[in-house]
Every structure is written in structure tokens, then in C-alpha cells.
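Taken in order, these protein sequences are the chains called A and B.
Heads up: the first sequence begins at 1 in my numbering, then just goes up one per residue.
Heads up: the second sequence begins at 1 in my numbering, then just goes up one per residue.
Any given hint might turn out to be false.
[What the hints assert, rightly or not] Over the 10 angstroms line for every Cβ pair with chain A, so calculated as not near, a few chain B residues:
hint	residue
1	Leu-119
2	Pro-248
3	Ala-279
4	Gly-284
5	Asp-412
6	Ala-416
[Unchecked claim] Once the Cα atoms are required to be at most 20 angstroms apart in a straight line, the calculated PhoX-like pairs of lysine-lysine come out as:
hint	chain 1	residue 1	chain 2	residue 2
7	A	Lys-263	B	Lys-378
8	B	Lys-364	A	Lys-263
9	B	Lys-196	A	Lys-101
10	B	Lys-364	B	Lys-27
11	A	Lys-387	A	Lys-358
These are calculated hints, taken from the structure and not from any lab test.
Built from N, CA and C at the ideal position, the CB exists for glycine as well.
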Amino acid sequence: MEYDLVVIGGGPAGLAAAEEAKKNGAGSVLIIERDRELGGILNQCIHSGFGLHVFKEQLTGPEYAQRFIDRLEGAGIDVMTDTMVLNITPDKTVFAMNAEKGYMAIRAGAIVLAMGCRERTRGAIAIPGDRPSGIFTAGTAQRYINIEGYMVGKKVLILGSGDIGLIMARRMTLEGAEVKAVVELMPYSNGLKRNIAQCLDDYNIPLYLSHTVTDIKSENNRLSKVIVSEVNGFEPIPGTEMEFDVDTLLLSVGLIPENELSKSAGVEIDPRTSGAVVSENMMTSVDGIFACGNVLHVHDLVDFVTNESEKAGRAAAAYLAAKKSGSAEAVEAPIHLLNGTNVGYTVPQKVTVSKVDKFIEVLFRVKAVLKDATVVVRAGDTVLMTKTRDQMLPAEMEKLILPRKILDQATGRDIIISALKEKSEVK
Amino acid sequence: MAYDVAIIGAGIIGCSLARELSRYDKKVALIEKENDVAMGTTRANSAIIHAGYDPEPGTLMAKYNVEGNRLAGELAAELNIPFERCGSFVLAFSEEDMKTVRTLYDRGVQSGVPGMEILDGEKVREMEPNLSPEVVGALWAPTAGIVNPWEFALLLAQNAVLNGVDLLLEHEVSGIEKEKDGFVLHFTDKEDVRAKYLVNAAGVESDEIAAMAGDDSFSIDASKGQYYLLDKSQGALFHHVLFQCPGPLGKGILVSPTVHGNLIVGPDANPGSARDSVATDRRGLEHVVKESRRTSAAINFRENIRNFAGIRAQPSTGDFIVGPSESTPHLYNIAGIKSPGLSAAPAIAADAAAYLVKQLGAKKKADLAIFRRAPMFKNLPEEEKAALIKENPAYGRVICRCETITEGEIVDALHAPITPRTLDAIKRRCNAGMGRCQGGFCGPRVLEIISRELGIKPEEVLLDRNGSYILTEKTNKGGDR
Numbered sequence: 001m002e003y004d005l006v007v008i009g010g011g012p013a014g015l016a017a018a019e020e021a022k023k024n025g026a027g028s029v030l031i032i033e034r035d036r037e038l039g040g041i042l043n044q045c046i047h048s049g050f051g052l053h054v055f056k057e058q059l060t061g062p063e064y065a066q067r068f069i070d071r072l073e074g075a076g077i078d079v080m081t082d083t084m085v086l087n088i089t090p091d092k093t094v095f096a097m098n099a100e101k102g103y104m105a106i107r108a109g110a111i112v113l114a115m116g117c118r119e120r121t122r123g124a125i126a127i128p129g130d131r132p133s134g135i136f137t138a139g140t141a142q143r144y145i146n147i148e149g150y151m152v153g154k155k156v157l158i159l160g161s162g163d164i165g166l167i168m169a170r171r172m173t174l175e176g177a178e179v180k181a182v183v184e185l186m187p188y189s190n191g192l193k194r195n196i197a198q199c200l201d202d203y204n205i206p207l208y209l210s211h212t213v214t215d216i217k218s219e220n221n222r223l224s225k226v227i228v229s230e231v232n233g234f235e236p237i238p239g240t241e242m243e244f245d246v247d248t249l250l251l252s253v254g255l256i257p258e259n260e261l262s263k264s265a266g267v268e269i270d271p272r273t274s275g276a277v278v279s280e281n282m283m284t285s286v287d288g289i290f291a292c293g294n295v296l297h298v299h300d301l302v303d304f305v306t307n308e309s310e311k312a313g314r315a316a317a318a319y320l321a322a323k324k325s326g327s328a329e330a331v332e333a334p335i336h337l338l339n340g341t342n343v344g345y346t347v348p349q350k351v352t353v354s355k356v357d358k359f360i361e362v363l364f365r366v367k368a369v370l371k372d373a374t375v376v377v378r379a380g381d382t383v384l385m386t387k388t389r390d391q392m393l394p395a396e397m398e399k400l401i402l403p404r405k406i407l408d409q410a411t412g413r414d415i416i417i418s419a420l421k422e423k424s425e426v427k
Numbered sequence: 001m002a003y004d005v006a007i008i009g010a011g012i013i014g015c016s017l018a019r020e021l022s023r024y025d026k027k028v029a030l031i032e033k034e035n036d037v038a039m040g041t042t043r044a045n046s047a048i049i050h051a052g053y054d055p056e057p058g059t060l061m062a063k064y065n066v067e068g069n070r071l072a073g074e075l076a077a078e079l080n081i082p083f084e085r086c087g088s089f090v091l092a093f094s095e096e097d098m099k100t101v102r103t104l105y106d107r108g109v110q111s112g113v114p115g116m117e118i119l120d121g122e123k124v125r126e127m128e129p130n131l132s133p134e135v136v137g138a139l140w141a142p143t144a145g146i147v148n149p150w151e152f153a154l155l156l157a158q159n160a161v162l163n164g165v166d167l168l169l170e171h172e173v174s175g176i177e178k179e180k181d182g183f184v185l186h187f188t189d190k191e192d193v194r195a196k197y198l199v200n201a202a203g204v205e206s207d208e209i210a211a212m213a214g215d216d217s218f219s220i221d222a223s224k225g226q227y228y229l230l231d232k233s234q235g236a237l238f239h240h241v242l243f244q245c246p247g248p249l250g251k252g253i254l255v256s257p258t259v260h261g262n263l264i265v266g267p268d269a270n271p272g273s274a275r276d277s278v279a280t281d282r283r284g285l286e287h288v289v290k291e292s293r294r295t296s297a298a299i300n301f302r303e304n305i306r307n308f309a310g311i312r313a314q315p316s317t318g319d320f321i322v323g324p325s326e327s328t329p330h331l332y333n334i335a336g337i338k339s340p341g342l343s344a345a346p347a348i349a350a351d352a353a354a355y356l357v358k359q360l361g362a363k364k365k366a367d368l369a370i371f372r373r374a375p376m377f378k379n380l381p382e383e384e385k386a387a388l389i390k391e392n393p394a395y396g397r398v399i400c401r402c403e404t405i406t407e408g409e410i411v412d413a414l415h416a417p418i419t420p421r422t423l424d425a426i427k428r429r430c431n432a433g434m435g436r437c438q439g440g441f442c443g444p445r446v447l448e449i450i451s452r453e454l455g456i457k458p459e460e461v462l463l464d465r466n467g468s469y470i471l472t473e474k475t476n477k478g479g480d481r
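Whole structure, please, built from the sequences with the hints as guidance.
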């Protein structure tokens with residue numbers, strides 16, 4: 001089997017990348033999806049709030065996905081669902097299998113990685129105590145409730161104020177469960193402001209910041225009690241324990257890009273994002289392999305996933321076109337985008353300046369809550385650009401436009417992006 | 001029901017003995033209070049087949065360990081139990097430790113452990129490059145290995161059942177009555193069972209069972225040990241079992257790859273623990289992390305996927321208790337089976353079976369059916385994968401993404417001897433849910449398959465032990481209340 005472009009993953013990232021690539025002349029395109037339907041995790045996100053940026057209206061998750069699935073009609077894109085990719089080699093052979101076609105080796109001219117992410121588990125944060133039933137990651141509980149149609153408990157505590165946890169606080173309340181509290185280790189919430197208001201405040205669900213779960217008790221092998229303590233930094237403070245009588249604990253303690261396949265293909269991984277290192281066109285360290293969406297870095301909004309994935313789709317089409325015409329011209333070595341003060345990561349991590357038309361869009365996250373802050377872009381000691389922001393939150397991804405002329409001013413040096421606390425006049 | 005032999009406890013000991021006895025023409029019951037086999041110490045330990053240099057020569061522990069190590073290799077090959085004879089190091093960090101290493105070496109020689117060598121730090125790091133530079137030398141024992149302990153017990157139990165042993169799950173013994181020719185066993189909520197011979201393999205509760213039968217010659221202390229189980233990214237760091245030299249501060253923390261490719265780190269030791277709790281605690285877990293750093297600073301504990309704890313049965317006598325009871329005729333105790341119990345089990349079972357066979361005048365059956373673990377689909381060559389999917393499309397459907405486990409394998413497990421009824425029972429049989437997402441993605445699908453194949457409601461599918469329900473009720477009821 002042979003395709004010009006193979007897209008791994010049929011969630012929002014894979015769908016947008018495949019459609020945009022096809023539109024831009026990518027040739028034969030195949031989407032491989034491991035679940036039974038296209039749409040990815042959006043299928044279980046039945047609340048609304050998706051699409052405000054891309055479609056200028058509020059859609060539910062399934063509706064948002066359906067817009068892209070509908071566009072596949074007559075687009076000439078092949079789709080394999082219920083199909084698992086087992087391995088990707090650096091020479092872009094994709095090994096996959098399904099019940100119908102069996103074991104397949106698919107040769108690809110280019111690959112877009114769009115496998116999404118998985119949830120961090122109890123083990124990842126080593127919560128001590130009993131190991132009864134009743135402890136779920138928020139996404140697994142969401143699947144049981146919204147897809148399978150079964151409730152997972154009656155009295156609930158949620159650890160982690162990430163968006164899925166907040167959404168599930170509301171969802172379980174609406175299904176008749178009693179959500180006793182949301183507990184957050186950090187001194188700030190990790191969810192979008194609007195979700196705090198609409199999912200917690202509207203239902204009088206308390207949010208305990210700087211708290212964590214320190215023990216778990218069970219009765220007859222089902223969760224019966226969760227002990228929560230205040231923390232100093234990450235250390236629980238003795239004497240601050242609170243007991244919650246609950247039968248269910250939901251964990252919303254972070255998402256991890258699923259890059260096991262990327263690693264098998266030899267793709268360089270950025271330890272800060274746990275996703276691939278990419279350049280301005282979303283190409284990874286392996287020639288012709290691109291990455292986008294939550295497999296690259298965890299996004300807050302699906303709209304941003306769509307934008308990023310369309311960029312990857314266009315780049316994959318351009319890559320295939322250049323390969324066909326044999327017009328791959330020599331380019332200079334890329335410069336790196338480095339993290340300065342308070343910046344946790346940037347995507348992309350590399351830029352080939354001569355390839356940039358007018359500007360690049362840099363996405364980044366800050367490591368602390370910053371009010372009246374300044375974003376400073378430097379090359380060595382030279383300040384290239386500053387931008388003021390009223391507020392920056394770790395929970396909300398920041399976007400920065402770097403015009404070509406600023407990139408040129410770096411004159412081949414790496415660029416450092418920092419977020420400083422005061423609205424300072426940086427000279 | 002009446003049996004020639006009733007074995008109480010379906011851990012590695014009970015399962016090994018049941019399998020041995022199933023070769024003979026006698027009626028045997030394997031009795032277990034939980035809803036599956038291997039639910040106690042057998043499923044929560046270091047998963048090591050020890051070489052046998054550690055126990056004092058002349059003890060039952062030394063004798064059965066060395067012999068059991070050899071037999072484990074044979075059983076693993078016969079039943080396709082995941083087992084790897086990768087060898088072990090006892091790491092020394094000082095000259096004082098090197099003295100201990102030499103003592104262990106001498107013990108091993110006396111007990112008949114083959115192939116041991118004392119190596120210097122440089123040689124050890126050559127074989128394990130990620131070890132701490134503080135390692136000055138080690139005892140190398142090539143016969144040590146790693147095994148999947150619960151599958152070890154499960155395969156033995158499945159073979160026993162296939163050859164006529166009755167497995168009585170969810171049978172909690174509440175009383176034992178002595179009769180002229182044996183015993184009557186009473187249960188909390190099941191019919192009585194009569195047996196001519198009673199084997200007490202009840203693990204941490206074996207002193208209670210012995211006392212019920214009139215033997216109070218020993219007592220058991222529960223010692224809890226806690227572990228980390230890390231992602232395969234960390235399992236790739238090491239290739240052998242790595243013990244720390246035992247010292248005045250304890251037995252040290254073990255670091256070892258598992259047969260699944262993960263990394264296991266632990267245990268701490270908590271004598272005097274409750275018998276019925278395998279809860280972990282923060283202090284113990286922190287101790288494990290800290291002490292493991294002596295072996296290697298390379299382990300990334302952010303890659304942890306699960307913590308667990310297991311209970312060891314520490315006998316008041318200091319050694320394994322194996323043999324006919326001195327006070328109660330027809331009672332055979334196999335008690336206090338702490339480390340190296342997993343390694344010793346096949347040898348203990350052989351001795352116990354020989355005794356019972358002689359007492360009962362049992363005869364070998366003409367032929368024995370053998371149930372082997374099916375090879376994991378993901379490890380098959382490409383042509384075999386393709387052929388299997390053609391034969392049964394369910395092998396083409398991957399249910400567990402992290403471990404690449406197919407629907408075909410899960411369905412096979414559900415229809416093998418000893419029906420798994422819980423998510424964890426499926427995990428123990430075919431690894432679905434054992435990976436880095438810990439069943440987050442595959443849990444709902446495995447639940448659906450169990451419900452479908454066994455014809456039970458989704459709400460009836462449990463996570464693990466009885467009582468561990470997952471789902472409460474159908475949705476769309478919230479608005480009515």
C-alpha cells in the first residue's frame with residue numbers, strides 16, 4: 001500500500017491536517033483512526049463552547065467534529081477506522097492493522113502525526129493509600145457517562161482544576177451526583193476562566209487551591225474517603241487534613257502527548273512539551289514527518305488545534321510538491337527559539353528564517369501568573385521586540401506574532417522569549 | 001462435596017500443589033476466599049526467581065529456593081509462563097559491603113547455587129552502564145530470573161482445573177471441624193466441604209487456619225512492602241535484577257526490569273502491618289525513591305505508572321513451615337512462605353505432593369492435559385499475525401493501546417479455564433490495562449467485552465475484588481430526583 005500522505009489520528013488535528021493538505025494538492029491522503037469513529041475525544045465532549053474562533057459560533061464537541069467529517073464527503077480522502085498503527089519507521093513506512101484488512105505496511109511520502117494525548121494517572125503523581133474502585137481519570141469517567149451511558153458514582157471529589165475536571169464537575173452534578181469539591185495543587189487554577197465560572201461557581205462547588213489528595217480509604221473495596229491536605233509548595237502541611245466522604249475521585253491532573261509512535265520513527269522530543277521539536281512549518285526532526293494538535297503540545301481550545309493542524313497540512317502538501325518537482329533548495333541552518341524568564345515552552349522550537357514569508361506565530365506558556373507583564377524578544381543582548389500584556393496565566397496559551405523583519409534582525413542568532421513581571425520599559 | 005485433599009489458599013503455593021496433585025487419581029479442591037486465584041502475596045511481590053544464596057544454608061528456605069529455581073525454568077518452558085533468566089547482582093557500595101558479598105557467595109556455594117562470581121565495580125558497570133559510580137563490586141548470580149508471578153500461579157491453576165481439580169472461589173473458611181478420617185470445612189456463605197487431608201496454604205492467614213484445625217504451633221506476622229512500577233522507558237535502563245547489599249539498615253531496595261519490560265523498584269519493609277490492608281503511604285514510597293538512588297540516579301520517577309504494596313507472611317519460627325502438623329493428623333502446613341517463596345514454590349509443592357500421594361496411595365493418571373499460555377499477539381511474526389486476523393478478525397482489533405492487546409486475546413482469556421470476571425482479572429491474564437494509561441482508554445471497552453461474553457450487566461463487572469463496582473446506574477436519571 002502506498003499514499004502520498006498518511007495522517008495518524010482522526011481527531012480534530014488529523015481531520016484538519018488531512019483536509020487542508022488535500023485542498024493544497026497533497027495527492028493521495030489516508031487518515032488512520034484507532035477508534036470506531038472519527039472525531040477523537042470531541043465525541044465525548046458533549047458540552048458546548050467549541051468553535052468560537054474557527055466558526056464564530058458555539059458548538060458541542062460532536063458538532064465541531066462533524067463539520068470536518070462532513071467535509072470529507074467527496075474530498076477523495078481515504079479513511080480507515082478501528083485501525084491501530086503499531087509502528088512508524090524513519091523511512092516513513094507505517095505498520096498498522098485492523099480486523100478487515102489485517103496487517104498492513106503502508107509507504108508514505110509524508111506523515112502527519114496527530115495522535116493526541118492521554119491523561120496522567122494516579123500512578124504518575126503517586127497518590128498513596130488504598131487502591132479501590134471509584135478512582136477514574138476525568139476523561140475515562142466522561143466516556144462512561146457520555147458514550148456508554150452509565151454513571152460512575154454518586155458523591156464525587158475532583159483532583160485537578162484542568163478543563164476536563166471542571167467540565168466533569170458540572171456534568172456529574174447535572175446527572176444527579178453530588179460534587180463536593182475541586183482540589184488544585186497549584187495556587188492558581190489550571191482551567192480556563194470561563195470554565196471556573198460556568199462549571200464551579202454556577203453550581204456552588206468549592207475550589208481548594210494549594211491543596212492535594214494525601215490519602216485514600218476504601219470500604220468493601222470501593223472508595224469511601226479521600227483525605228485532602230493544604231500544601232506548602234508541593235509539601236502537604238500536617239494538621240490541615242480534611243476528610244471527604246465520597247465514592248468517586250476524578251483525576252484531572254494533566255495530559256501527556258502520546259508520542260510512542262513518534263519515538264519509533266526517530267522524532268526528536270522536547271522534554272518541556274513532551275511533544276516533537278518542530279520548525280515553523282510543523283515539520284519534526286525527521287524529514288517529511290509533521291506533527292500537530294495535542295500530540296505536539298497540549299492545547300486549551302480545539303480551535304487552536306485546528307489552526308495549527310491546517311498549517312501542518314499545508315506544509316505537508318508543500319513538502320510533497322517540492323519533492324515531486326525536485327525543487328528542494330538548500331536552506332540555512334535553523335535558529336532556535338529559547339525559553340527565557342517565566343516561559344515554559346514555545347512551539348515552534350526552531351525557525352528557518354529564509355523560509356518565513358511575512359511572519360511566524362509562536363505559541364508559548366508561562367510558568368507563573370503574571371499581571372501587567374511584558375513579553376521580551378531578544379537575540380543575545382539585543383532586544384528585538386517587546387509586547388505588554390495585562391495578564392498571563394499558565395492555564396492559557398499565549399500567542400506571539402514574530403514578523404520576518406524581526407527574525408532577520410536576529411542575524412542568525414537564537415531568539416530568547418521571556419515574560420517579565422512588570423510593564424517595564426525594556427531598552 | 002467430599003475430597004481426598006482440600007488446599008486452602010490459591011496463591012502460588014496452593015496453585016503449584018494443585019497442579020502436582022492433578023497428575024493423580026484423587027479428588028482435590030483448591031479453596032480461595034477471593035474471586036480469582038493469585039489475589040494475595042502472589043500478585044504483589046518483587047517478581048523475582050532468586051538464585052538461592054541469600055538464605056542461611058541448611059534452612060528450608062535455602063533448600064527449596066535452589067531446587068525451585070531449577071523447576072521454575074522447566075515449568076515456564078512447559079506452560080509458556082513469562083520468565084527470563086537474566087541474572088542478579090547484589091551491589092556493594094563499600095568494603096564493608098564487599099565482606100557481606102563474600103559471605104553471600106560462601107552461602108551460595110554451600111547451598112549449591114551454580115555459576116556465581118564476585119565482580120569488581122568496573123565489570124559490573126560494563127554489564128549495567130546506568131549504575132551508580134559508587135558501586136565498588138557485586139555478587140553475580142546468573143541463575144536468578146524475573147517472572148510474571150500471577151500468571152505463574154494462574155497457569156498452574158488452569159492446568160490443575162483442566163485436569164480435574166475443583167477450584168472453589170469466593171469460599172472463605174469460617175470453621176474447621178475434625179472428623180475421624182479428616183475434616184469438615186465450614187464457609188461464611190457456602191456449602192460445607194469434607195476432606196481427608198487438609199493443606200494449609202493460606203498465606204498471611206495460615207496461622208488462623210492452622211489454629212482452626214487445632215494447630216497453634218506458629219504465628220504469622222504481616223510485613224508490608226511498597227513498590228513503584230515504572231513505564232517501559234525506565235525498564236530499558238537495566239538488564240538484570242539489582243539488589244543492594246543488605247546492611248544494618250535493612251535489606252536494601254531492589255531495582256529490576258520486569259518480564260513486561262517495565263521497571264520495578266521497592267520494597268520497603270513494615271513488620272507488624274495489618275493483614276487486610278495493602279494501602280501505600282507517602283513516607284514508605286519516599287523511602288523507596290530515596291534508597292533506589294544509591295543503585296542509580298538515572299531512574300525518572302515521573303514515569304511511574306503504579307504504586308502497590310504486598311504483604312509477606314513472616315513466620316514466628318524464622319524459616320518456612322513445610323510438613324505434616326505435629327498436633328493435628330491429616331493437616332499439612334505450608335506456612336510462613338515469605339521471600340523466597342515464589343522461587344521455592346515448585347519445590348515445596350513437589351515435596352508436599354509426594355507426601356500426600358504416599359499417604360493416599362494415589363496413582364498417576366494415564367495422560368495429563370496441558371494448557372499453555374498463548375503467545376502474545378504483538379510478539380508474533382508478521383505472517384502469523386496476518387493469518388490469525390484472517391481466521392478471526394477480533395485479532396485485528398486492538399483494545400489496549402499501550403500494550404497492544406487485541407480483542408481476540410481478551411475473548412480467549414474469557415473462555416479459558418478459570419473465567420476472569422473483573423477488569424483486573426483480564427489485566428492479569430492478557431496485560432490489557434497494564435500500560436502507561438492504566439486502563440484509561442481500554443477500561444470501558446474491556447468492560448463491554450466482559451459484559452458481552454459472560455452475559456452479565458455492565459454494572460455487574462467489577463474492577464477487582466468483590467465490592468469493587470465501577471458503574472452505578474444508567475444515566476438520564478439525575479433529572480428525575
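Going through the hints against the structure:
| no. | hint | in the structure |
| --- | --- | --- |
| 1 | Leu-119 | 33 angstroms, holds |
| 2 | Pro-248 | 27 angstroms, holds |
| 3 | Ala-279 | 5 angstroms, violated |
| 4 | Gly-284 | 8 angstroms, violated |
| 5 | Asp-412 | 15 angstroms, holds |
| 6 | Ala-416 | 21 angstroms, holds |
| 7 | Lys-263/A with Lys-378/B | 18 angstroms, holds |
| 8 | Lys-364/B with Lys-263/A | 54 angstroms, violated |
| 9 | Lys-196/B with Lys-101/A | 57 angstroms, violated |
| 10 | Lys-364/B with Lys-27/B | 13 angstroms, holds |
| 11 | Lys-387/A with Lys-358/A | 19 angstroms, holds |
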